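Colleague: Add chains B and C to chain A, keeping to what the hints say.
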Amino acid sequence: MAVVFERPKALSDVPFHYCPGCTHGIVHRLVAEVLDELGVVGQTVGVASVGCSVFSYNYFDCDMVQAPHGRAPAVATGLKRSLPDNVIFTYQGDGDLAAIGMAETVHAATRGENITVIFINNAIYGMTGGQMAPTSLPGQVTQTTPYGRDTSVAGHPIRVCELLSTLSGTALAQRVTVDSVKNVNIAKKAIKKGFENQINKRGYSIIEVVSTCPTNWGLSPQEAMKWLQDNMLEYYPLGVYKDVTAEGGNK
Amino acid sequence: MAEKVLMKGNEALAEAAIQCGCRHYFGYPITPQTEIAAYMSKRMPKIGGTFLQAESEIAAINMVLGASSAGVRAMTSSSSPGVSLKSEGVSYIAGSDLPALIINVQRGGPGLGGIQPSQSDYWQATKALGHGDFQMFVLAPSTIQEMVDFVKLAYEVGEKYRVPSMILSDGMLGQMMEPVEFPEKNDQDIPEKPWATNGHQNKRKKNIINSLYIEPQELEDLINERYQRYELIMENEQRAEEFMTEDADIIVVAFGASSRVSRSAVHMARAQGIKAGLIRPITLWPFPDKTIKKSMDTASKYLVVEMNKGQMVDDVRLVVEGKKPVEFFGRTGGIIPTPDEVLAQIKKLAGKEE
Amino acid sequence: MAKITINETLCKGCGLCVSACPKQILALSKEKMNSKGYHPATIIDMEKCIGCTSCAIMCPDVVITVER
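Protein chains in written order, with the working numbering: chain A, 1 to 251; chain B, 1001 to 1354; chain C, 2001 to 2068.
With the rest of the complex left out, here is chain A (with noise of 0.2 Å):
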C-alpha cells in the first residue's frame, strides 16, 4: 500500500487552534498542498492577517509576515515590491478585506499587483466572537445585529469578487467553497491557479472561500455546512467572476 493522501510538508507540525469544524482548516491545507505542488516554499512569503487566521504565521511552513488589520495587502506590495522573483500571498478574513481593509485591497486590485490572496468569507468576525461582518447576510443575527442585520441600518453586505473582477488589474476573481469533497478540489485548483497567475505575472489574484463559523453561527459543523449551503450561496453564487486566462469564461 502506498500513501495517497498525507498532511502537506508546507504545514507546519503546529496543531491548528481553529475551533471543531472551522473550514480554514481545510483552506490552509489546499495552500499548503499547492505551494508543496509548485516548488514554491522556500521562496513563498505569506501575509497573515488580523482575525481567527492571524496564526497562520505558526501553520505554513514558509516565512511569514503578521499585518496591521486590513493592511495585508499593503504589506504584501512592499514585499512583492521588494522581492518580485519570490511568491507573495495574503490570508485574508471578511473583516479585514472588506472592512477595514476594503481601501488596500482595491487598490493592490486595480495595481495588479502581481500577488495571490485568500479570502475567506464566512459572514462573520470569529475572533471578536461573532460581529457582523461586511459580508454578513440581511437577517443574519450576530452579536452586533441581536435583531438581524437590518439593511436600512446597516447595509447591505459586500460581493467582493464581483466588485474586484470590473478592476483592469484583477487578473483572476473566482468564489469557491469547500462543503463537500467536489468543492474543495474545485477550491483547489482555483487556488493553484491564483498562485500559477503569480508566478506567470498576471496581476492580482483572489479566491474566495465561502467558509463557516460553526462556532458563531451557533450551529454545529454539520448544520453550519448546511446553512452555508442553503443562505449563503444564494448571495454569493460560486463561480470564476474574471480570469484573464479564459476566454468567455467571465461571468
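There's no promise every hint is true.
Covered stretches of chain C, going by a simulated chain A footprint (3 or more residues, C-beta under 8 Å) [as the list claims (entries may be wrong)]:
hint : region
1    : 2002-2016
2    : 2027-2033
3    : 2040-2051
Using 20 Å as the maximum straight-line C-alpha spacing, the simulated EDC-like pairs for lysine to aspartate or glutamate come out as follows [stated by the list, open to error]:
hint : chain 1 : residue 1 : chain 2 : residue 2
4    : C       : Lys-2036  : A       : Asp-13
5    : B       : Lys-1206  : A       : Asp-36
6    : A       : Lys-9     : C       : Glu-2067
7    : B       : Lys-1203  : A       : Asp-36
8    : B       : Lys-1203  : A       : Asp-13
9    : C       : Lys-2003  : A       : Glu-223
10   : B       : Lys-1193  : A       : Asp-85
11   : B       : Lys-1294  : B       : Glu-1327
12   : B       : Lys-1206  : A       : Glu-37
13   : B       : Lys-1205  : A       : Asp-36
14   : B       : Lys-1205  : A       : Asp-13
15   : B       : Lys-1206  : A       : Asp-85
16   : A       : Lys-182   : A       : Asp-150
17   : B       : Lys-1203  : A       : Asp-85
18   : B       : Lys-1206  : A       : Glu-33
19   : B       : Lys-1203  : A       : Glu-37
20   : B       : Lys-1152  : B       : Asp-1133
Just the calculated beta-carbon pair ranges, DEER-fashion [what the hints assert, rightly or not]:
hint : chain 1 : residue 1 : chain 2 : residue 2 : range
21   : C       : Asp-2045  : A       : Val-3     : 19 to 25 Å
22   : A       : Asp-36    : B       : Lys-1160  : 25 to 31 Å
23   : B       : Lys-1160  : A       : Asp-230   : 46 to 52 Å
24   : B       : Lys-1160  : A       : Thr-151   : 53 to 59 Å
25   : B       : Pro-1081  : A       : Glu-37    : 28 to 34 Å
Hint data in this document are derived by calculation from the structure and do not stem from the laboratory. On a predicted model such as this, the values are computed, not experimentally measured, just so you know. For glycine and all other residues, C-beta sits at the position ideal for the given N, C-alpha and C.
Modeller: Chains B and C alone, transformed into the frame defined by chain A:
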C-alpha cells in the same frame, strides 16, 4: 567629498536616501513634503527602484513594513496630518523590531492646521507615535546638509538596534535651499539581515515578522529586551551641538528651524555683553540629557525656544529637575520666531529688560 | 484494499469526515476522549474502506492519512 550643489531640503533628503541604497519609496502627497515624493518618482524608475504612490498614508507605511520585512532599505515621508495616519504602522514596525525610515516635514496642527513650518509634532515623535511601549530614533536636522547626513545615520542606527527612525524636519527646512555635498559611497555597508522574510529557500528555518504575543509573560519579556536596546541607544546615540556654552550663564535650548533663529539671538546677546549659549539637541530621542546635565555646572538659567506651545521644554525640565529655572518661548501655528523676539527673552532672563 | 489512520490526539471530533465517508465506516467515538476533551473520529470497519480520501479532504485539522 563631492562638489557642493544647491538643493531644496526635501529633494536633498530624497537624493541622500537614494545614495544610502534606498530603492523603495512609498508615499502620499501632502504639503510641505511633496517634493520628496516627486523627486523619488523621477529618480526611482531610472535606477531600478520602486516609487509607489499609495492610496493612503496608512497603506504607504504598511508597504514600508512589508519592504523592511524583506530586508531592504525603504522609506516613507509625509507631513504632520499624514504622519498621524502612519501611527498604526509605526507601532507595528516597532512591535515587529523592524528598522524603517519615516520623514515628517512638519506643518501646523492640530487637525488640518496649516501648511507653514511648525515643530508641534515633538511630543508625537518622541513620546507616542502609536500605541504601546516603544520609542523611535528621532533626528532633528537644522540645515540642508543635515537633511542629507542624517538619512545615513537614521538607517544605520535603525538597522543596528532594529528600531524605526524618524527625521523630524519642518516646512522651512523642506522648502529652503542651501548648498550641500553628498558623501561618496554611502550604500557600501548595508548590513546583512538574517531575520528578513525573503524566502528561506529551504536552507534555514522560517522567519516570522510578528508583533502578536498572546502570553503576557512572553510579551513583557520581549518588551524588556527591546528596552535594553533602548538603553543602549540612550547610552551610545545621544547627539547635541553646543554653541558658546563653555562660559554661558543663559543657555538657549532649541532644535531644528528654531535653533537657527536662536543661534542668531545668542550672537546678538553676546554682542550686548550677555553670556548666552545654545544647546541644540540633534537626537530628540534619545534626548541629549548628558549635554544638558553637563551645562548645569555653568548655566544659571535656561530658555527653551520652540515652534509650538512648549513640548521639548518638558524634557529639559526633567533633566534640570527644578534646580535651575527653565523658561519657554514659542510661536506656533506656522509662525517662525524672529531673532529679536528670542533676544528679548534672553535679555529678560538676564535682567536687562528695556 | 485501503487503510486510513486518524491522529486521534489532534482530532477535534467535528464529524465532517463522518458525513463525507461514502461507505459510512467512520463515527465519533463514544468511549474515547482525547487530551483536548474531544471524542475523536474512529474507524468502524476498515475492511470496507476504498481509500477514496473523502474523509481526509474534508478534515479541517489534517489528521487523516490514507493508504491504498
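Colleague: Against the 20 Å threshold, does the CA-CA distance of Lys-1152 (chain B) and Asp-1133 (chain B) hold or violate the hint?
Modeller: Answer violated: Lys-1152 (chain B) to Asp-1133 (chain B) is near 26 Å, above 20 Å.
Colleague: For Lys-1206 (chain B) and Glu-33 (chain A), compute the direct alpha-carbon distance and say whether it is at most 20 Å.
Modeller: holds (17 Å)
Colleague: In this structure, is the beta-carbon distance linking Lys-1160 (chain B) and Asp-230 (chain A) contained in 46 to 52 Å?
Modeller: 58 Å Cβ-Cβ, so the 46 to 52 Å window is violated.
Colleague: Does Glu-37 (chain A) sit within 20 Å of Lys-1206 (chain B), going by the straight-line distance between their CA atoms?
Modeller: Judged against 20 Å, a Cα distance of about 19 Å means the pair holds.
Colleague: Hinted pair, alpha-carbon criterion (20 Å max): Lys-1205 (chain B), Asp-36 (chain A). Please report holds or violated.
Modeller: Holds - the C-alpha atoms of Asp-36 (chain A) and Lys-1205 (chain B) are around 17 Å apart, at most 20 Å.
Colleague: Can you confirm whether the C-alpha distance between Lys-9 (chain A) and Glu-2067 (chain C) stays at or below 20 Å?
Modeller: holds (17 Å)
Colleague: Does Asp-85 (chain A) sit within 20 Å of Lys-1193 (chain B), going by the straight-line distance between their CA atoms?
Modeller: holds (18 Å)
Colleague: Between Lys-2036 (chain C) and Asp-13 (chain A), is the straight-line Cα distance small enough, at 20 Å or below?
Modeller: Since the Cα atoms of Lys-2036 (chain C) and Asp-13 (chain A) sit roughly 17 Å apart, the hinted pair holds (cutoff 20 Å).
Colleague: Within 53 to 59 Å or not, the Cβ separation of Lys-1160 (chain B) and Thr-151 (chain A)?
Modeller: holds (54 Å)
Colleague: Count the residues of the region 2002-2016 of chain C with a beta-carbon closer than 8 Å to any beta-carbon of chain A: does the count reach three?
Modeller: holds (count 8)
Colleague: With a cut-off of 20 Å on the C-alpha distance, tell me whether Lys-1206 (chain B) and Asp-85 (chain A) pass.
Modeller: With Cα atoms ~18 Å apart, Lys-1206 (chain B) and Asp-85 (chain A) stay inside 20 Å; holds.
Colleague: Falls inside 28 to 34 Å, the C-beta gap from Pro-1081 (chain B) to Glu-37 (chain A)?
Modeller: violated (48 Å)
Hint compliance for this structure: hints 2, 3, 9, 16, 20, 22, 23 and 25 are not met, and every other hint is.
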